[in-house]
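> For reference, the chains in residue letters:
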Amino acid sequence: MSNVSSNQIFAWIERYAAHIAEQKDYLTELDAAIGDGDHGANMHRGLQAVLAKKAELQNTDVGVLLKGVAMTLISTIGGASGALYGTFFLQASTTAEGKTELSSTEFGSLLEKGLAGIVLRGKAALGDKTMIDALQPAIKAYKRSIESGEVREDALSKAVSAAERGLKSTIPLIARKGRASYLGERSAGHPDPGASSSVLLFRSAAETLC
Amino acid sequence: MALPASFSLSFLSILISCSHAILPQDMKKLINLPENVVVESITGFGAAFSNLVKVHTNANYITRADAPAKDKVALVSGGGSGHEPMHGGFVGRGMLDAACPGAVFTSPTPDQMFEATKAVNGGKGVLQIVKNYTGDVLNFEMAADLARAEGIEVEAVVIDDDVAVKDSLWTAGRRGVGTTVLAEKICGAAAEAGHSLKEVVALCHNVNANGRSMGMALTSCTVPHVGKPTFDLPEDEMEIGIGIHGEPGRTRTKLKSADEITEMLLAPIVADLPLRARDEVLLFVNSMGGTPLLELFVVYGKAHEILTKAGIKVARSLVGPYITSLEMAGASITVLKLDNQMTKLWDAPVLTPALRWGV
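The listed protein sequences derive, respectively, from chains W and H.
Take 2 as the starting number for the first sequence in my numbering and just add one per residue.
Take 814 as the starting number for the second sequence in my numbering and just add one per residue.
Honestly, I wouldn't trust all of these hints.
Label pairs and their calculated CB-CB ranges [unchecked claim]:
hint : chain 1 : residue 1 : chain 2 : residue 2 : range
1    : W       : A50       : H       : A1090     : 50 to 60 Å
2    : W       : A22       : H       : D958      : 43 to 53 Å
3    : H       : N845      : W       : N60       : 32 to 42 Å
4    : H       : A878      : W       : E98       : 38 to 48 Å
5    : H       : T1121     : W       : A50       : 47 to 57 Å
Note that these hints are calculated values from the structure, not bench results.
We put the CB at the ideal spot given by N, CA and C, even for glycine.
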């Protein structure tokens, strides 16, 4: 099966920017319920800044591309989401230095490294009602599927389903991290905004990396 | 350049229709475009206080006019905009070396903090004073990583003094509010006096450990790029334990008298510290932005009376809008249990746009 090219990786980010642009008001609404109501607007600002750098980010290796995405998100988003998504792409980029394409297995390692960065930076775990609740099961599902010999298309589709289930699982949870944790029990009954934007990251991957 | 009258008129009408489209009807603010408000504000701030501060709009940070100050620990703080005069107003001799303003109610970014850190590093290390919000903490951590990679010694102290939030290992912890102002003044004085980074860090932890705050809101506030009030608060109600970004507090109740509200804010602080008879304290009554001094002094008077009756000596005071929440009406009370060192450093000269004495 074919590898993931660096142009496909850029297409993934472009698709993610499009999904965020479409969903930004919804994400902001989710955030207004349990956070500070800026998640959609912040992510949109960061990803638009990435798109503005298309000329310099395209036609480089995956490492340089993802590092560029990371630094742009870090310097334009602010808030927790800038640091966390930025860390995800920064750590992911370190697995792809000098590579212009990745095997499906290598792409899985890239995702795992990114997630490890978020866990370390955010000091959060599964069940804290954060983006980790969507990312971790999605990456696990992807890896398991690739390891059992399935094609990347199936692995990514399983990852999306796992991310969506993970997002759903955040609804009854009481937040333990971020501003939502100030609400205590009042944070229950709402989906986590960060987990919601993480689902879109995997939906974008499934649409572009097959 | 002379333009045909018809051209300039139609150009003007385009501008007018644009501004109507951008500013929602229910937002009355002195702004041009919401996305430019922070840069325009710090530019004006820099023009107003050019003798004290320098505003760097390349990466959005504010330094002392004479930065880098040699042979002293540098203090860097920052946070979302909308809390003015915090933090930019506290940049100057005897307080902060740099401040990084983020977007309104959004933490600044690591590249801003990194540039500010490099600009003020005088060789004795840099202390970051960080309010405990996840975004602020994470972004300052990343900036510290970047600065350390360049060989700059960086330490961070996180201020978490808001008793309205239950402190727990299972939450983001207490929010950083009023004690931040006091920590910046006291630690700034220590740095100015030549204390080492290790000493200033220990002092900052000590100030944080002895400071407690609680705030309340009479009205909501409107973030410019959102365009509508952050939360709804009926005319006859108030929110006790509000955060400085409009985060909900402990309870929402019917409006009460100033004396009753003061008691509601002060009691949890006194219990949490805890304060005992013969303790000496600094009493800080702060406006959330919309509440005038006339009312703040009513609150101060009652708080002073309650503490004095309990045998606690109010040795120092601060009253005014210092850590605000845009135009929110409301107030917060901060009590800092003093020791001799803190009192002496509080009294030391300070020369900043928002606080100045002894110079």
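> Against this structure, judge whether each hint is valid.
Going down the list of hints, with the structure as the test:
no., hint, in the structure
1, W:A50 - H:A1090: 50 to 60 Å, "57 Å, holds"
2, W:A22 - H:D958: 43 to 53 Å, "31 Å, violated"
3, H:N845 - W:N60: 32 to 42 Å, "39 Å, holds"
4, H:A878 - W:E98: 38 to 48 Å, "43 Å, holds"
5, H:T1121 - W:A50: 47 to 57 Å, "55 Å, holds"
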